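Trainee: Whenever a hint applies, use it, and build me the whole structure from the sequences.
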Amino acid sequence: MDEMWNLWHGCHKKSEGCQNCYVFRRDAEFEKDSNVVTKTSSFNLPIRRDRSGNWKVPSGTLMWTCFTSDFFIEEADQWREDAWLIIHRRSDLHFFMITKRPERILQCLPEDWGDGYENVTICCTMENQRRVDERLP
-4 MDEMWNLWHG
6 CHKKSEGCQN
16 CYVFRRDAEF
26 EKDSNVVTKT
36 SSFNLPIRRD
46 RSGNWKVPSG
56 TLMWTCFTSD
66 FFIEEADQWR
76 EDAWLIIHRR
86 SDLHFFMITK
96 RPERILQCLP
106 EDWGDGYENV
116 TICCTMENQR
126 RVDERLP
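In terms of my numbering, the sequence shown opens at residue -4 and continues consecutively.
Do not rely on the hints blindly, as some may be mistaken.
Unchecked claim - Below are the DSBU-like pairs computed for lysine-lysine, each with C-alpha atoms no more than 30 Å apart in a straight line:
no., residue 1, residue 2
1, Lys51, Lys34
2, Lys9, Lys27
3, Lys34, Lys8
4, Lys8, Lys27
5, Lys34, Lys9
What the hints assert, rightly or not - Here are the simulated distance ranges between beta carbons:
no., residue 1, residue 2, range
6, Lys9, Leu104, 13 to 21 Å
7, Pro53, Lys9, 33 to 41 Å
8, Val31, Glu(-2), 23 to 31 Å
9, Asp128, Arg44, 44 to 52 Å
10, Glu11, Arg84, 31 to 39 Å
Since the hints were made in silico from the structure, they are not lab data. A quick note: this is a predicted structure, and the numbers were derived from the prediction, not measured. Beta carbons are placed, not taken as given, at the ideal position from N, Cα and C, and that holds for glycine.
Mentor: Here's what the structure looks like:
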């Protein structure tokens, strides 16, 4: 099973790979400013329970994480620690995220990163050789 988990919404175009970003295109249809980063109502989705007390997101689910923003965007710094707590708590889920901001990964990882988080995959997109040279030092 797969589930989208967009903790925050909004981004800033970082490079030419963002030129045709679907988030900006979709937000424009609703006259929404994609440059404004906001915490979403689905922030706590992985830890929601149903009336029976069971997780709403079942164990083993692949969580497509932060696909209407960038998990490592600066404006989300105030929410990221809580996001890591949710991710650590739901070690039975797999969280998959893509970033264009690999330079921020180390400073944004939780202090206990080495003590778990095998359930997280972080990918970096690079649209051309110049961006490869920049993002993979």
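Trainee: For every hint, state whether the structure bears it out.
Mentor: Hint check:
{"no.": "1", "hint": "Lys51 x Lys34", "verdict": "holds, 20 Å"}
{"no.": "2", "hint": "Lys9 x Lys27", "verdict": "holds, 19 Å"}
{"no.": "3", "hint": "Lys34 x Lys8", "verdict": "holds, 18 Å"}
{"no.": "4", "hint": "Lys8 x Lys27", "verdict": "holds, 15 Å"}
{"no.": "5", "hint": "Lys34 x Lys9", "verdict": "holds, 20 Å"}
{"no.": "6", "hint": "Lys9 x Leu104: 13 to 21 Å", "verdict": "holds, 20 Å"}
{"no.": "7", "hint": "Pro53 x Lys9: 33 to 41 Å", "verdict": "holds, 34 Å"}
{"no.": "8", "hint": "Val31 x Glu(-2): 23 to 31 Å", "verdict": "holds, 25 Å"}
{"no.": "9", "hint": "Asp128 x Arg44: 44 to 52 Å", "verdict": "holds, 46 Å"}
{"no.": "10", "hint": "Glu11 x Arg84: 31 to 39 Å", "verdict": "holds, 38 Å"}
In summary, the structure agrees with every hint in the numbered list given earlier.
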